[in-house]
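Novice: Start from the sequences, fold in the hints, and give me the full structure.
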Amino acid sequence: MTEQQTKQERAHKAAMIREMKIDPYPYKFELTHSTLQIKNSYDALAAQNDTVSVAGRIMARRDHGRTAFLTLQDSAGTIQVYIRSDDVGAEQFKLYSLFDIGDIIGVQGVVFRTKTNEVTIRAYRLQMLCKALRTLPDKWHGLRDVETRYRQRYLDLIMNPDVRKVFLTRTRIINTIRHIFNAIGGIEVETPTLQPLYGGASARPFKTHHNALDAKFYMRIADELYLKRLIVGGFDCVYEICKDFRNEGMDRSHNPEFTMVEIYWAYKDYNDMMDLTERLFVTIAHELIGGTLITYQGETIDLTPPWPRRPMLDLIKEHTGIKIGTLSDAELLQAVEREIERQEKAAKDHQPPTGVSLDTIAGNIEDQAQDEGEGDTQGVDGAEGLNRGKLIEELFGLSVEPRLVQPTFVIDYPKETSPLAKTHRTNPTLTERFELYICRREMANAFSELNDPLDQRERFEAQMRQRLAGDEEAQLLDEDFLRALEYGMPPTGGLGIGVDRLVMLFTDQPSIQDVILFPQMRPEPGLYEAAHEALEER
Numbered sequence: 015m016t017e018q019q020t021k022q023e024r025a026h027k028a029a030m031i032r033e034m035k036i037d038p039y040p041y042k043f044e045l046t047h048s049t050l051q052i053k054n055s056y057d058a059l060a061a062q063n064d065t066v067s068v069a070g071r072i073m074a075r076r077d078h079g080r081t082a083f084l085t086l087q088d089s090a091g092t093i094q095v096y097i098r099s100d101d102v103g104a105e106q107f108k109l110y111s112l113f114d115i116g117d118i119i120g121v122q123g124v125v126f127r128t129k130t131n132e133v134t135i136r137a138y139r140l141q142m143l144c145k146a147l148r149t150l151p152d153k154w155h156g157l158r159d160v161e162t163r164y165r166q167r168y169l170d171l172i173m174n175p176d177v178r179k180v181f182l183t184r185t186r187i188i189n190t191i192r193h194i195f196n197a198i199g200g201i202e203v204e205t206p207t208l209q210p211l212y213g214g215a216s217a218r219p220f221k222t223h224h225n226a227l228d229a230k231f232y233m234r235i236a237d238e239l240y241l242k243r244l245i246v247g248g249f250d251c252v253y254e255i256c257k258d259f260r261n262e263g264m265d266r267s268h269n270p271e272f273t274m275v276e277i278y279w280a281y282k283d284y285n286d287m288m289d290l291t292e293r294l295f296v297t298i299a300h301e302l303i304g305g306t307l308i309t310y311q312g313e314t315i316d317l318t319p320p321w322p323r324r325p326m327l328d329l330i331k332e333h334t335g336i337k338i339g340t341l342s343d344a345e346l347l348q349a350v351e352r353e354i355e356r357q358e359k360a361a362k363d364h365q366p367p368t369g370v371s372l373d374t375i376a377g378n379i380e381d382q383a384q385d386e387g388e389g390d391t392q393g394v395d396g397a398e399g400l401n402r403g404k405l406i407e408e409l410f411g412l413s414v415e416p417r418l419v420q421p422t423f424v425i426d427y428p429k430e431t432s433p434l435a436k437t438h439r440t441n442p443t444l445t446e447r448f449e450l451y452i453c454r455r456e457m458a459n460a461f462s463e464l465n466d467p468l469d470q471r472e473r474f475e476a477q478m479r480q481r482l483a484g485d486e487e488a489q490l491l492d493e494d495f496l497r498a499l500e501y502g503m504p505p506t507g508g509l510g511i512g513v514d515r516l517v518m519l520f521t522d523q524p525s526i527q528d529v530i531l532f533p534q535m536r537p538e539p540g541l542y543e544a545a546h547e548a549l550e551e552r
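So the mapping is simple: my numbering equals the position in the sequence shown, first residue as 1, plus 14.
There may be inaccurate statements among the hints.
[What the hints assert, rightly or not] Calculated pairs, DSBU-like style, for lysine-lysine (alpha carbon to alpha carbon, straight line, at most 35 Å): (1) K108 - K42; (2) K129 - K53; (3) K21 - K179; (4) K21 - K108; (5) K21 - K42; (6) K404 - K230; (7) K42 - K27; (8) K35 - K21; (9) K429 - K331; (10) K362 - K404; (11) K42 - K53; (12) K331 - K362; (13) K337 - K359; (14) K257 - K179; (15) K129 - K27; (16) K257 - K42.
Bear in mind the hints are in silico, worked out from the structure with no lab data behind them.
If you're wondering where the values come from, they're calculated on a predicted model, not measured in any experiment.
Specialist: Here it is as structure tokens:
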């Protein structure tokens, strides 16, 4: 039977239900329990012969003449329903005959255990709550096609209970973040999604036009500069859990629309933010699994603090033998190019460096090619356009990042690539910045925040020069933010954590699309054609 024929047949059944003077799409249904509550309270419910009222989607049915069994699924789980003609009556049993897998129904009855000891509801009243017109995928094969799962997440949630668990865990993680930040005196705030000037990160924005104001606006790439304005305004600790939007490529750890949490804490520095980061990850681990040992994609990760705090330049020297301070810019460029060639050769020879998989090497090289193809100054052939700080970070990304499996704070980044961070108190070429790496992936980024307005203006001006030289991701000079700093911002520690990557880690998901309910996808051909035509005509 074709999809169209199925829809017609089910629509006909809905019409038959209406002929019975029953609305197949009623307005409400009174619930007494979820499926999980029934199972957890079975002994008390059975002892008192209490009536339960539960609703859910039919996931399976087995007919046996005048009796039948259904599997009913709600947000908490599944439960078996036993339907007997003598119990529900002829009209209700006729209604049952018009049910299909996928329909949402209400059931009232009492609980008992079958001969196989399965908790079951013995129905005495049935109610149609929503007649489904489409057929669910085969229950034995489920929904496996990744593209369909992402495009039709509603279907993915129906068919794959483990997917629902991932998103319930996501909610628990976000609630834990709020609890920890509230406990230190943090105030949750909201900053603009539409901004007259984007900033706070090195990224390309999405652009739009505000009709009423007749002005150009940008989708937020970060909320950092607005949160710092609030520190200037007198709040001692502010945080925001928000959507950021970056007009960039997509891969297993990047999505153009993603969730970040950023917190700014007055009178703290990046050492305090490392302590806070450890506390956050460890608390989440204890609440989810009761300990600090987790497994991600087959690797055991030990989150027991304290985590190593390693300067970036020391890590590069350890893994490459290169002492950055002794190299000229030209020599550093040559070192980056040699590392790229070495990894390409290792991949071809199937001899990855110790501790690095071939897949990781391939990913690094692919990232290089992707950057180059997008017209950045960060591609292999365009490496001559990189400043010294970017060359250092490029070498780090190629030679060190693939080896960082256990939690590691990489600290003290080049000044050229950290325009919003305070100059390191002992080395003027570096900043007090760290990134947390776990499983070869950046998980957090933090600074001792730059609060000297004159130094900040010089950094912005340097960024503007990089932009004029062709770096499309260099940051812009924000006069209003500088004006705010000129009123005075106290010493402040700032921290940003990618919530999606955090959820990936704690739910053992390989791709960021697996933890975003509705990830960006190329529109299906023809699906929105009529709507787009209407918009264009208008």
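Novice: Are any of the numbered hints broken by this structure? If so, which, sorted upward?
Specialist: none
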